[in-house]
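J.: For this one, chain L is given, so just place chain F on it according to the hints.
Chain order of the listed sequences is L and F.
All letters in the first sequence, in the order written, are residues 99 to 482 by this note's numbering.
All letters in the second sequence, in the order written, are residues 99 to 482 by this note's numbering.
Possibly wrong hints are sitting among the right ones.
You can't tell identical chains apart in this list, so a pair holds if it fits in one copy or across any two.
Said to hold, decoys possible - Derived lysine-lysine pairs resembling DSBU-like cross-links, with alpha carbons at most 35 Å apart:
1. 454 x 129
2. 421 x 326
3. 394 x 114
4. 114 x 462
Hint data in this document are derived by calculation from the structure and do not stem from the laboratory.
There are 2 protein chains.
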Amino acid sequence: MQSFTFYNTTKIVFGKGQISELSNLISKDQKIMMIAGGGSINKNGVYDQVMSALEGYKVIEFWGLQPNPEYEKCMEAVQLAKEEKVDFLLSVGGGSVLDATKFIAAALHYEGDDPWAFLDSGEEIKSMMPVGCILTLPATGSESNGNAVISRSERNQKLAFSNPKAMPVFSILDPETTLTLDDRQTANGIVDAFIHVMEQYMTYDVNTPLQDRQAEAILKTLIEQAPKVKANPNDYNTRANIMWCATQALNTLIGSGVVQDWSTHMIGHELTVLHGLDHAQTLAIVLPALLKHQRKQKGGKLVQFGRRVWDIQDTGEDSVIQKAIEKMAGFFEEAGNPTQLSAYDIKVDDCLIAAKRLFEREGKIGERGDIGQAEIEAILRLAE
Amino acid sequence: MQSFTFYNTTKIVFGKGQISELSNLISKDQKIMMIAGGGSINKNGVYDQVMSALEGYKVIEFWGLQPNPEYEKCMEAVQLAKEEKVDFLLSVGGGSVLDATKFIAAALHYEGDDPWAFLDSGEEIKSMMPVGCILTLPATGSESNGNAVISRSERNQKLAFSNPKAMPVFSILDPETTLTLDDRQTANGIVDAFIHVMEQYMTYDVNTPLQDRQAEAILKTLIEQAPKVKANPNDYNTRANIMWCATQALNTLIGSGVVQDWSTHMIGHELTVLHGLDHAQTLAIVLPALLKHQRKQKGGKLVQFGRRVWDIQDTGEDSVIQKAIEKMAGFFEEAGNPTQLSAYDIKVDDCLIAAKRLFEREGKIGERGDIGQAEIEAILRLAE
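Excised from the complex, chain L in its bound form (with noise of 0.2 Å):
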């Protein structure tokens, strides 16, 4: 095992009716400002429940964050939040609106001169401003991190940083804000969580047996509750364990003391850069395609991953590495995820400037550094 620090400090406050905790959670001398997506908390009750709890607060509110929130909006948000001398930001949607608003509240405080800084130099977040959460779409697992991604279109830029201190103080999980996403978002979250856990645990082996049971055990969570919530999708229980698994997929615990590759999250980003794929299309397409590529290097992990997620009993070990891929390929198809670009109707040969992007950016990527730009340029291809 490698050695790690673990240090989660969100309090996650779970279950039906919970966002009433929220005066509980934020105290009365806060000026808040909530931040928000596009309007579908509107319809699902979320926002009258939000402002029923938050009675007696002073509230602005700041609206119009969109799937892969753009810098651009983000400071305009952090514009409104100086001028209103506002003291906690409360996130109120899914990851992106939660990545956001984790941007936004580090650019508060920010003495130098633009914060996307943290994006693309690197520069270290030393504080910001509270961030409270409350989610309605489970799967990028950033209620529970310190992770956020933003986009600049301008720039054909998809960034991310990572850092403890961009924890949300608390997030608020309540299932039934979930029993009204339409099919598209259930498959994106499901297929994002899942890969969340891939990118931790298909990698070579540091002798890690308890993480790997706890990341086959959201998979094989994921596998049973894709098909129950596609065939009842007002279940509360089935959103209830989709919403925990996504939750656990990227809460740094299954991560902690292992080897981790971020190489399908990298090259999916460049993918929804250039053609607009929502994050969970491109890592659909992308992850099959770079474990048939990476089959050899990621040999030992992958047999245990047909074995015991898949139960494929074989003896060869290619076979099972060849029906575990197969098999997980056809479970991001059956969620609702397609695994070819042929399917957005996307040619392989406007994407290979993905794999000089990214490679000009990054250098080698991958576990061992040894995915290049020729390697990425086959991965695509296989994903053709």
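T.: Frame of chain L; chain F shown alone:
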């Protein structure tokens, strides 16, 4: 799934040589009271590492905490800490030293007459002196929870409190410090961690598949690592895996959203008070008997436990249950902890007072509140 709050604020610093991180974890202006046990930390070099890391700090020392730490001894430490005006308590040792340190920390901020009220009348801990931990014996999980168990022999009491405010601010877990543990300490740690998981897992189902699998992940890893540590007590990775299992077993994660049943611990505590057995020795005696007695009530989970944790393929559920309990008892025996009172020359008639005392204090126990005095007596007879 039940509603829950998950909030674990302990920073875990895990790995070889991490004691040297102490100076980054405690600010220089704090006057520290180091609290320790009987001297094993002198023999294994931990004391020297701590003192070297704390060069330049004001440090006083308080020694002599024993397993099943005593109220009277703790109150001596409270007295000294007050006289010396310390700001920070550093526990160096196993779970008993740490439990004592938590109680001392709470007592130091207590304004009532006798802080025993935290234990025998459930008075709430509102604030306590900060506690840091250097763990040298993986077992209790105290390094990442707000629990403590304190004994008051003059009153025949061994009682617990549990409060999120009582979590250590940090815990340093260096598996190297556990290489010198003897067979008895190692066995006790493995059995204690295993049974912590069981108390949160072996209950009726409320649709928590992820928590179930996370629990099974710990159980399976302990089952796999136990013979390894017996064969090779000096293997760092085996010790590291056991240490991480023990933390994960009782950091409140697998208990989130599930039904819990701490009957085995409650009965075990009484046996320690009566006969001075080690904590984990009592648990290994009580749990197999309790599961035999409760096999009907816990049938569904027992079958799952048998199939998933012990890979029992039998089709008949009764047979799976019987074999699962036998295999678990065999695992405790193999680890080094007998499962019958007779192994310690204890007659069951000399234990029955435990049933009376426990029932008089707690009423009926168990996840369904159906284990009263007669049932505890029956369980003890099954453990004869």
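J.: Each hint: holds or not?
T.: So, going through the hints one by one against the coordinates:
1. 454 x 129: Intra 46 Å, inter 56 Å, cutoff 35 Å: neither.
2. 421 x 326: Both, since 23 Å and 32 Å are each at most 35 Å.
3. 394 x 114: For residue 394 and residue 114, the Cα distance is within 35 Å only across copies (31 Å; inside one copy 46 Å).
4. 114 x 462: between (45 Å within a copy, 29 Å between copies)
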